[in-house]
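*Asks:* First to last, the sequence lines map onto chains G and C. First residue of the first sequence: 1, per the numbering used here; consecutive thereafter. First residue of the second sequence: 438, per the numbering used here; consecutive thereafter.
No lab work stands behind these hints: they were computed from the structure. Where a beta carbon is used, it is the ideal one built from N, C-alpha and C, also for glycine. One or more of the hints may lead you astray.
Here are the in silico distance ranges between beta carbons for each label pair [claimed, not checked]:
1) K222/G to R765/C: 53 to 63 Å
2) R552/C to S63/G: 38 to 48 Å
3) R747/C to P239/G: 13 to 23 Å
4) S63/G to R554/C: 12 to 22 Å
5) M743/C to R100/G: 32 to 42 Å
6) A360/G to T642/C: 49 to 59 Å
7) G933/C to S206/G: 47 to 57 Å
8) R554/C to R100/G: 39 to 49 Å
9) R547/C to S63/G: 21 to 31 Å
10) D118/G to S926/C: 27 to 37 Å
11) S244/G to K698/C: 28 to 38 Å
12) S244/G to E880/C: 15 to 25 Å
13) R427/G to L808/C: 24 to 34 Å
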Amino acid sequence: MTDNKAYTRRTFLTSSSLTLASASVAVPAFLQRSAFGMPMAAPGMRSIPGVPEDHVLVVVQLSGGNDGLNMVVPFGNDLYYKARPGIGIPAPQALTISERDGLGLHPQMGGIKGLFDDGLCTVVQGIGYPNPNRSHFMSMDIWHTADTDGTGDGWLGRYFDNQCCGFGKGESGTVEEVSGQPGIAVGRNAPLAMQGRQSKPIAFESPDLFRWTGEDVHESLKQPYDALVSRGEDKALEPNSNASFLMRTALDAQVSSDLIRSAVDRAPRSRYPRTQLGQQLAMVSAMIAAGLDTRVYYVSLGGFDTHAGQGGPQGAHGNLMRTLSDAVKAFYDDLKRQENAERVLTMTFSEFGRRVGQNASGGTDHGTAAPLLLFGPMVRAGILGNHPSLKNLDQGDLKYQIDFRTVYASILENWLKADSEAILGKRFKPAQVFAAT
Amino acid sequence: MIQASPSQAAEPPALPPATLETLPKHQFGFDQARHLLWRAGFGGTPEQIQLLASWGLDKAVDYLVDPSDIPVEEVREDLFASDIMEPLSDLERRRYRAAQARGDEEEIARFRAMRQRRQRDDRQQIRRVQLWWLERMIETPRPLEEKMTLFWHGHFATSYRKIEDSWHMFRQNQMFRSKALGNFGELLFAIIRDPAMIVYLDNQTSRVGAPNENLARELMELFSLGEGNYTEQDIKEGARALTGYTYEDDAFVFQDNNHDKGSKSILGARGQMDGDDFVTAILQKRECSRFMARKLYRFFVGDVPMDPERTSREQNRFIDQLAGVMLRSRYEIAPVLKSLFRSAHFYHESIVGQQIKSPVQLVVGAARSLLTPTRDLNVLVDALDLMGQNILFPPSVKGWDGGRSWINTSTMFVRQNILSYMLTGRMPVGTDRNAREERYDGEALLASLLAADPAAKGDPKRVVEYLLRFTTGRSPTGARDELEAFVASHGGRVSGDILTALLLLITAMPEYQLC
């Protein structure tokens with residue numbers, strides 16, 4: 001997608017990596033650690049399996065409040081059809097995942113049904129939290145911060161803070177530097193979930209924007225820019241000064257930019273749908289294939305606020321289900337061909353589900369509990385938890401069964417091998433979402 | 438005009454003086470005036486720096502700290518709509534309840550649609566408030582007034598995200614502006630009556646028998662005393678003192694029937710204390726002036742930790758003396774800032790050019806000092822968000838951490854690219870809305886550079902040197918060589934276009950992030 005000649009920083013990397021240690025240039029923090037290994041890994045090359053650095057988490061945010069009842073359809077329950085005469089998914093069309101419990105996936109979710117049948121998917125039912133908030137902003141913040149007040153740093157940001165600096169929730173401190181590759185969010189804005197006190201994610205809509213755009217003004221600017229940014233630290237500078245810190249970060253940024261942009265240049269190994277989510281996951285897959293030592297990626301899909309005309313098997317919500325399903329399926333097909341599927345756990349979530357009953361506009365209003373999906377060969381495949389009762393409601397809304405923070409705790413402890421209590425600020429018994437090893 | 442660069446040898450940095458001794462008058466020149474303009478404002482043009490330098494230290498400081506004589510655009514109450522989020526009238530509320538009671542889905546849907554329309558309108562209005570404030574910071578002839586407004590916004594951090602009422606955010610912002618260089622005590626009395634803060638810290642539901650501790654806690658921990666200077670008991674009793682402090686529509690109300698009239702003991706004071714008595718008790722603590730002096734120091738001088746034990750002895754002693762000025766002036770802010778901006782400490786080499794610009798400082802500073810077009814303010818506000826300082830949406834009641842937390846690999850590119858946008862109109866974030874092709878007029882800056890240093894005419898080396906000193910306050914050899922080579926490879930003459938290109942390069946330098 002971009003001219004290879006643009007990667008002058010990459011040339012710098014390969015040609016001078018052997019002399020970096022003694023050279024008096026600023027050495028980017030993550031390059032120091034990995035100059036001889038990861039960044040230039042051949043496609044498909046993996047680190048040693050089982051080493052925690054190996055593990056990757058991909059978060060797929062479904063923004064707007066996904067209608068969980070039409071995603072995982074309780075087709076065996078008459079109350080469902082009574083509450084949704086116009087938009088309910090007819091039983092024969094649901095893709096059955098449990099005959100016994102009368103549960104099936106939305107008919108547009110053929111791809112995910114395939115993953116489910118292959119033992120690569122867990123459906124966690126009735127996810128939520130106490131005293132549910134029905135404001136998009138607020139509930140999203142609650143999910144991002146793992147805090148029912150919805151304030152503070154993001155839960156993944158705190159994970160990075162904890163890994164780099166040993167901080168727990170709510171602690172602050174002055175850390176001189178954050179080392180290691182930060183999380184990467186593909187999208188216009190960096191999600192709150194990844195904002196730590198110290199650790200901030202890399203965020204870009206397209207990697208071609210994760211670079212200095214001044215060079216587009218005139219080609220002759222590129223060379224002096226590279227020289228100015230990689231000029232190295234002035235010997236007169238205190239290594240601890242802000243000026244030194246800025247020099248190192250600027251160089252870090254340039255090297256990350258080149259790594260990421262050259263990574264996504266690789267052709268994917270499966271066909272991705274031409275949707276925004278499909279393209280985002282294709283980029284994530286390319287970065288994983290290139291051996292970036294990034295541990296957390298974040299992508300999102302919007303449009304779930306289906307107050308009106310959401311449709312049934314076909315229609316607006318059905319299209320979203322297909323978009324999600326096809327993209328995730330292509331992602332795992334790709335990862336499998338790369339031999340990286342074992343390393344990559346994917347989680348979907350939405351800020352809330354929707355009300356049980358449809359409204360007068362053929363849509364659904366803001367609700368509460370909803371299913372959460374996990375993907376990857378490491379998950380305890382199948383259905384976890386019971387479908388929330390359609391009879392015993394809380395003012396027309398489902399009552400949650402599983403606190404989402406128990407899933408976070410499990411991911412932090414069992415997958416990212418981190419201290420979930422320090423990060424979440426409280427002990428949550430990890431949900432049993434991983435296969436026994 | 439330009440003083441010789443300090444020697445390039447690596448020496449341990451000397452420490453700034455530990456006292457409020459003032460800078461000897463003859464030491465206030467171009468570099469010092471430049472420093473003052475950046476820290477007490479948002480930077481300035483070469484002419485403005487020259488002018489301040491020619492006035493001398495005292496007049497320059499007075500001009501910035503006492504701006505009441507400088508005419509400024511009035512903040513009119515009709516700038517924004519006050520009634521978008523107005524609560525339902527009694528009649529409407531009755532109709533809504535009746536509709537709920539009889540299960541009238543259509544009527545309920547109508548109310549819901551109305552609420553959603555209002556929320557959408559209000560989100561559009563908060564964006565307009567953001568644009569308005571950013572533009573005001575760029576245009577104001579009273580930069581310190583706006584800078585202190587920004588300080589109070591970060592200090593008494595309140596986010597639209599929770600309160601969802603743009604009018605209340607605007608009113609709070611204007612309250613900060615009207616008291617920006619006034620009295621801290623007055624601000625503290627005002628903040629417990631501020632509808633935006635009352636909602637942000639949940640005080641509207643705090644009543645006798647069921648006090649909410651949020652406001653009482655943050656009032657001491659974050660707004661006035663700092664951790665360790667009060668007890669959990671003070672929070673509990675303080676929360677009782679604040680019961681019944683709420684608002685109706687847009688105005689503060691004290692609900693006598695919800696107020697806890699019992700006896701309380703807060704921070705050593707006793708009695709039937711109400712919110713004002715609570716604030717008075719806070720202001721009587723010596724720690725309050727120390728805490729506020731430290732916060733002002735962090736904002737204007739250097740990024741010291743809040744914990745004195747992790748701060749150098751010189752800085753601690755200096756901060757203590759600032760606190761002394763604050764106490765003697767009974768919490769007036771202007772005398773504190775005057776002492777600060779006149780001190781030799783403030784102009785010490787370990788202080789000058791060592792602060793990482795906040796995103797607002799970066800953007801407003803570039804517009805004010807380089808005289809770039811502001812182009813589409815929406816793009817600038819979006820960039821502030823991407824750089825971590827979404828004004829009127831601080832991340833939490835703690836405000837912004839500042840310092841190094843502004844900087845990471847992503848924000849570094851946004852910082853470089855937003856400057857590239859301001860200078861050339863090139864979009865920093867790929868979107869292409871309303872791209873205005875207004876050209877940056879480098880000639881104006883060039884003319885003012887040459888006016889300041891006529892000998893630079895026809896001498897590109899001198900122009901490069903001057904530009905570096907003007908924009909970054911320093912002139913590192915390696916950078917100077919690169920820029921000179923760039924000019925040489927383009928005919929060796931600094932035209933307006935070459936000047937723009939030089940500024941593109943300079944503003945991408947790590948040093949440009951400092952002031």
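*Asks:* A separate judgement is required for each hint: does it hold in the structure or not?
*Replies:* Right, here's what the structure says about each hint:
no. : hint                         : result
1   : K222/G to R765/C: 53 to 63 Å : holds (57 Å)
2   : R552/C to S63/G: 38 to 48 Å  : violated (20 Å)
3   : R747/C to P239/G: 13 to 23 Å : holds (19 Å)
4   : S63/G to R554/C: 12 to 22 Å  : holds (20 Å)
5   : M743/C to R100/G: 32 to 42 Å : violated (59 Å)
6   : A360/G to T642/C: 49 to 59 Å : violated (32 Å)
7   : G933/C to S206/G: 47 to 57 Å : violated (32 Å)
8   : R554/C to R100/G: 39 to 49 Å : holds (46 Å)
9   : R547/C to S63/G: 21 to 31 Å  : holds (26 Å)
10  : D118/G to S926/C: 27 to 37 Å : violated (60 Å)
11  : S244/G to K698/C: 28 to 38 Å : violated (58 Å)
12  : S244/G to E880/C: 15 to 25 Å : violated (36 Å)
13  : R427/G to L808/C: 24 to 34 Å : violated (57 Å)
The structure shown violates the earlier hints numbered 2, 5, 6, 7, 10, 11, 12 and 13.
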